[in-house]
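Engineer: Now that you have both chains on their own, put them together as the hints suggest.
Protein sequence lines, in the order shown, are assigned to chains A and B. Counting from 272, one number per residue, gives the positions in the first sequence under the working numbering. Counting from 2, one number per residue, gives the positions in the second sequence under the working numbering.
Keep in mind that the hints were calculated from the coordinates and are not lab data. Be aware that a few hints might be false.
Quick partial rundown of chain B residues pointing at chain A, CB under 10 Å, derived from the structure [as the list claims (entries may be wrong)]:
#1 Q9
#2 D52
#3 E71
#4 D72
#5 W76
#6 L136
#7 E140
#8 I141
#9 I170
#10 Q259
Heads up, the beta-carbon is just placed ideally off N, CA and C, and yes, glycines get one too.
Here's the letter readout for the chains.
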Amino acid sequence: MSKSSYAIILVIALLVVALLYTPAEKRTDGKVNLTYWTGWTGHELEVQRKLVARFNREHPNIRVRILSVAGSYQKVRIAFAGGSTPDVCSAIWADELAGYAIRGVLTPLDTFMKEYGRSGDEFMPGVWRMLSFRGRPYGLCSTTNSTFIVYNKGIFRRSGLDPERHPRTLAELDRAAELTTAYNADGTFKRYGLRPSSLVFWAYVFGGKWYDEKTGRIAANDPRNVEALRWMVSYAQRYDITRMEAFEQTFGSIQTVSGPFFVGKMAMWTTGEWAEEHMRRYAPKVEWGYFAAPPPPGGRRNTCTVGGSVFVIPAACKHKKEAWEFLNWICGPEAVKEFCLSIGNIPPLKSVAAEPEFQNRPLYKFAIELAGGRNAFGPPPVPIWPQYAAEIARAEDYAMHGRRNPKQLLDEVTIKMQKELDRTLAAFRSR
Amino acid sequence: MRNMTRRQTSRLVKADLRNGLLFAAPWIAGFLCLTAYPIIASIYYSFCNFDAISPPHWVGMLNYRILVTEDELFWRSLWNTAYMIVFGLPVGLVSSLVLAFLLNLKVRGMAFYRTLYYLPSITPIVAASALWLWLLNPEIGLVNELIMTFGKMLHRLHLPAPAGPGWLIDPAWAKPALIFMGLWGAGGGMLIYLAGLQDVPEQLYEAADLDGASSWKKLWHITLPMLSPVIFFNLVMGLIGSFQYFTQVYVMTGGGPQDATLFYALHLFNNAFLNFKMGYASAMAWILFLITLACTLLVFKTSARWVYYPGELK
Numbered sequence: 272m273s274k275s276s277y278a279i280i281l282v283i284a285l286l287v288v289a290l291l292y293t294p295a296e297k298r299t300d301g302k303v304n305l306t307y308w309t310g311w312t313g314h315e316l317e318v319q320r321k322l323v324a325r326f327n328r329e330h331p332n333i334r335v336r337i338l339s340v341a342g343s344y345q346k347v348r349i350a351f352a353g354g355s356t357p358d359v360c361s362a363i364w365a366d367e368l369a370g371y372a373i374r375g376v377l378t379p380l381d382t383f384m385k386e387y388g389r390s391g392d393e394f395m396p397g398v399w400r401m402l403s404f405r406g407r408p409y410g411l412c413s414t415t416n417s418t419f420i421v422y423n424k425g426i427f428r429r430s431g432l433d434p435e436r437h438p439r440t441l442a443e444l445d446r447a448a449e450l451t452t453a454y455n456a457d458g459t460f461k462r463y464g465l466r467p468s469s470l471v472f473w474a475y476v477f478g479g480k481w482y483d484e485k486t487g488r489i490a491a492n493d494p495r496n497v498e499a500l501r502w503m504v505s506y507a508q509r510y511d512i513t514r515m516e517a518f519e520q521t522f523g524s525i526q527t528v529s530g531p532f533f534v535g536k537m538a539m540w541t542t543g544e545w546a547e548e549h550m551r552r553y554a555p556k557v558e559w560g561y562f563a564a565p566p567p568p569g570g571r572r573n574t575c576t577v578g579g580s581v582f583v584i585p586a587a588c589k590h591k592k593e594a595w596e597f598l599n600w601i602c603g604p605e606a607v608k609e610f611c612l613s614i615g616n617i618p619p620l621k622s623v624a625a626e627p628e629f630q631n632r633p634l635y636k637f638a639i640e641l642a643g644g645r646n647a648f649g650p651p652p653v654p655i656w657p658q659y660a661a662e663i664a665r666a667e668d669y670a671m672h673g674r675r676n677p678k679q680l681l682d683e684v685t686i687k688m689q690k691e692l693d694r695t696l697a698a699f700r701s702r
Numbered sequence: 002m003r004n005m006t007r008r009q010t011s012r013l014v015k016a017d018l019r020n021g022l023l024f025a026a027p028w029i030a031g032f033l034c035l036t037a038y039p040i041i042a043s044i045y046y047s048f049c050n051f052d053a054i055s056p057p058h059w060v061g062m063l064n065y066r067i068l069v070t071e072d073e074l075f076w077r078s079l080w081n082t083a084y085m086i087v088f089g090l091p092v093g094l095v096s097s098l099v100l101a102f103l104l105n106l107k108v109r110g111m112a113f114y115r116t117l118y119y120l121p122s123i124t125p126i127v128a129a130s131a132l133w134l135w136l137l138n139p140e141i142g143l144v145n146e147l148i149m150t151f152g153k154m155l156h157r158l159h160l161p162a163p164a165g166p167g168w169l170i171d172p173a174w175a176k177p178a179l180i181f182m183g184l185w186g187a188g189g190g191m192l193i194y195l196a197g198l199q200d201v202p203e204q205l206y207e208a209a210d211l212d213g214a215s216s217w218k219k220l221w222h223i224t225l226p227m228l229s230p231v232i233f234f235n236l237v238m239g240l241i242g243s244f245q246y247f248t249q250v251y252v253m254t255g256g257g258p259q260d261a262t263l264f265y266a267l268h269l270f271n272n273a274f275l276n277f278k279m280g281y282a283s284a285m286a287w288i289l290f291l292i293t294l295a296c297t298l299l300v301f302k303t304s305a306r307w308v309y310y311p312g313e314l315k
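Only chain B is shown next, with the shape it has when bound in the complex (with noise of 0.2 Å):
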């Protein structure tokens, strides 16, 4: 560089710039026709009748006010929804976060847990659901098995012996089953808290263990802290993800039993593509847009308060 004139680099400048476009054209081309231009006309859509055969009906705001006021599947799929993300959201990144100290264990053969862990969560989320199916039978389902077992092994000490729930049946456990079932998919949370772990200056903890602290003030002081960066990006993601809640009810409940598993997305894909109101259901997605928008900013907003970044003077 040091012998070129500012004309010979600039010139580079621009080749270069010319050759990182050409290389990226087929990306930028496929981003503006098959993304930007869908999410630009879906927001004209909402303010349309619109049934994908005929050409669409401008309606005002009558999509927005027939959700808000005449929709009840509008409201609750959207109480499910936020049911999701206020009980299992916790539940996912607290037990991702568990398993993750376990596997950080220093054990032989530590290699075949964490992969044995991990699997589950790459499994296709249509087949995992097919087996879980399968699993939260209430009548001939392993899960169920499994408590009516220990329920005799409490009954024999005469104590009260608990009956296995209907699950994907009974609209009041439909939901907790599915939280449970997404205990299976922890290991995809847990190899980023793993990756986290690992980064985690062993300086520090010497420090604490001549200083006499406990494992429990090393967790707190330590750990947690130089973790929360991870433990931010999984709740951001897990919350995004929350809000999409979709294939496994797609696949094993249909939204039932009465409605107890109808998630926003699966009311907005049934208004999509079984009642063909395309405006209705682009209504229903940037509602859902403004909504996820507004949590997310929130948790930014908080994530000033509790994490911490090395390097970051507080």
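So that you can see chain A by itself, here it is in the shape it has in the complex (with noise of 0.2 Å):
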């Protein structure tokens, strides 16, 4: 070929791509276009989908497009780096809620709600807090969920406890647990009572907190904390934790018919809401039943730990106005209640969460009380929460296999992030 027949080739694919290729800012037909991040995936992706649709076919002005962002959490946090963030993001754990207020990336939603007359009233109590940062709302949130214990009552009435009288106080726990362990002939377990896990969830039964809100202070080391450790290492010790482990190590995965809770590995078991289905779709002819978490004495009943997806809309959306009509509609009632009735999580919205599609099904009634009761806790107003919530967990582990004792490993863990949260608050302070 000679050159000029080569000329002409790269004009025409330098034609043909400046063609197909037009910017999505440029196209005006009069609507405003938003994207919209989400992380959900599947079913619920699916849902929200629908109710992107819905919509778009109810705001003519307003064109959203959702993009799923499941599984690379990351992206997110690039995109903020890079000031090319979506209008509305629902891909934010509320873990993270604090970090992203406090470097100011997020728009903060008083005055809009304000205008549209919305109030935190409307969300419960719990979620509400976890929504604001220093007594301003970064977010809204669409669903919630909450933690309780579930048991199997065939393995109580063999054990020889009472099927319908599930344990009040954590002495009874204690006792359950010990009556409902088994093990094989060669000493390894056939079953395990409970595996307490959580230090975060538990140390709010025993009555603890991880942060003070009025010092402004990392609370790690909290005396009821320490019990709560110290309690959880006596599961460790009382059943071998090396040998519950290697026990755990044979479970099947928890979405599969072979879950441990559902063959019967384990006779009681933390979890939420969503058990319903799982049980309906992978176990239907396990009975069971469900029951707050209990507190020793002095501690907290009708503990929970609330938390899941925020939405919110970054600082540098471009089109906040319409963003916040999006995002206040898919918080509102009406989507919320959808939502929820299809993917099986719990109303963060009180009059939602009244209506009888919910209180009419036992669990769900009692696991909205227990989300919006006064004893649900969402992270805490922790900038550093995700790398605290870490450190949490590495303690637990260390305590756990009787590395070190409970009250040192959480005296270290309040030194270490203390130090933190100094640091990062300096960093904005000086800004």
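Structural biologist: Now the structure itself:
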């Protein structure tokens, strides 16, 4: 081929590219285009898509485009770093909200909420606390969850326990765990009663706290937290943590018919309201009940932790008013109800949670009481919470394996995280 | 060329240079923007408090000071990485060398065996790691199943029977488990050794045979010296690779149990992408670079004593 024919091909290729390429921003049909990133995937994503389509139909001046960034939440952080954020984002965990808020990359929502006549009172109090940082809301949410214990009634009966009377105190829980634990002839586990995990949760049950909002200080070594960890360690010692872990290696994955609770390898399991759907799907024959984690004397009754995805408007958004319009709608009563009903989550809006569709199902009614109660705890308003939570999990792991004592470990976490928090706060004060 | 004047020649050279640079331009641009710039920027960030969202804020040596004086996981991860280099690297080097010797024998169907042993090293690490999670499962894994069968045989002979360890869930066994798993990828090094073995001149062996040298003598005085440049290459590459040990533990253990497999690169990654302490992670990266550089230089220094290049006078 000659030089000129190459040149002609090149020019044609350029023309084709130029014709195909139309920048999204320039496409003007009078509509405001919004991009919306979500972390949901699978069935949840399909329901989100349906809701977005409905919003677009009902709002002729706005076009929302939904994109799932499931499995790559780092992309969100990088988008913030590069300043090319979506207009609305629900791919942010409640754990991360304070960290984003202190960096000034989110739009505070109080002005919008006032203008639209919405208030924090619409939300469950624990959820609302988790959405605010330094007195201002930075996000809304459309789902929440709760934490409680489910138990296998058949195993309770066979172990000489009354299947209709669940443990009401910590001492009763310990006894039930002991009675329901069973061994094989060779001394390996056939089943264990309960494996306490998640110190963050149990510390709240024991009446502890992770952050002191009055003094603004890290409170990892709160005496009640230490007590909670000591209690967890007592299980590790009584049942031998290495044997428990070896036993856990034989567990099938939770969302299959061979999940350990479904096949009777665990008598009690700390889980959430999705258990109902799981039990129906994977273990329809197992008889089961549920109860809130029972506290020790001086602890908190009906404790649960709440969290989940938060909808935010990044500060770099160019169409804040329209973005709020969408956010307000997707976290409004109608959309929340539809979303929660189709994916089996708890609605964080009190009015929706009070509707018969939720109240007529005993487990949901119970889970809603927990999540909406005064002992529902979201992530504390600590900008370094993800790192802090990882340190707590590390301390828990070390304590459970008897590598150091609970008090010493939680003292170390307190010192380390206080330093980290001080440094973070100082960095944002000096700017 | 003979008929060209000097000016013509220089014009040709210039044109060649221009064309060469033009052809390499995409790579040069990519290298400058995507490699050189981030590397240089990371020096600056290592002296900053930088979370990737807010602008970097100069803090001097603070990151380095915290690493060395406060971060016990920094030392832990450094120790874990050193363990892999001191114990894992020699095991890997020797096993692929032995494998290469075996696959250099003149046996029928050798091409098949070579392929067989090479295959695992081109399996994606993530897939291999997921597979090894199952193999090393202490309760239902194939490895402990074999140990148990072997144990039963010993038991019948009234010998003490070994019990399979907890492998990846036991802090004492997690690193040995990873070293053991690393043997799976010995095919990569094996291939390079094999190429080196084919290059050893046949006449050297013939001469040794005439002198009545034993197989051991031939190995020690001919094969190993002739292979030493290849061993040297594998050692340096293995050293650098070990300092960057990451994917396997990222997939399999996440650094656990109790930080037993928290390697330097994983700790760096966690700081950068979980805690978003980019400045801190940059400081870690530069410390790693300096350590790797020092170790590699050390190996190069000693190489004069044991690496033999044919044609070189000694």
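Engineer: All hints, please: hold or fail.
Structural biologist: For each hint, the structure was consulted:
Restraint check, Q9(B) versus chain A: the minimum CB separation of about 22 Å is more than 10 Å; hint violated. At about 7 Å, the closest approach between the beta carbon of D52(B) and any beta carbon in chain A falls short of 10 Å, and the interface hint on this residue holds. This hint holds: E71(B) has a C-beta 7 Å from the nearest C-beta of chain A, less than the 10 Å allowed. Taking 10 Å as the C-beta cut-off, the interface hint given for D72(B) holds, the closest approach to chain A being about 9 Å.
For W76(B), the shortest C-beta to C-beta distance to chain A is roughly 14 Å, which exceeds 10 Å, and the interface hint is violated. A distance limit of 10 Å between C-beta atoms decides the matter here; for L136(B) the minimum to chain A is near 12 Å, and the interface restraint is violated. For E140(B), the shortest C-beta to C-beta distance to chain A is roughly 4 Å, which falls under 10 Å, so the interface hint holds. For I141(B), the interface hint holds, since its Cβ comes within 10 Å of a Cβ in chain A; the closest pair sits about 6 Å apart.
Satisfaction of the interface hint for I170(B) is found here, the shortest Cβ-Cβ separation to chain A being roughly 5 Å, below the 10 Å cut-off. Using the Cβ-Cβ criterion of 10 Å, the hint placing Q259(B) at the interface with chain A is satisfied: the shortest such distance is roughly 6 Å.
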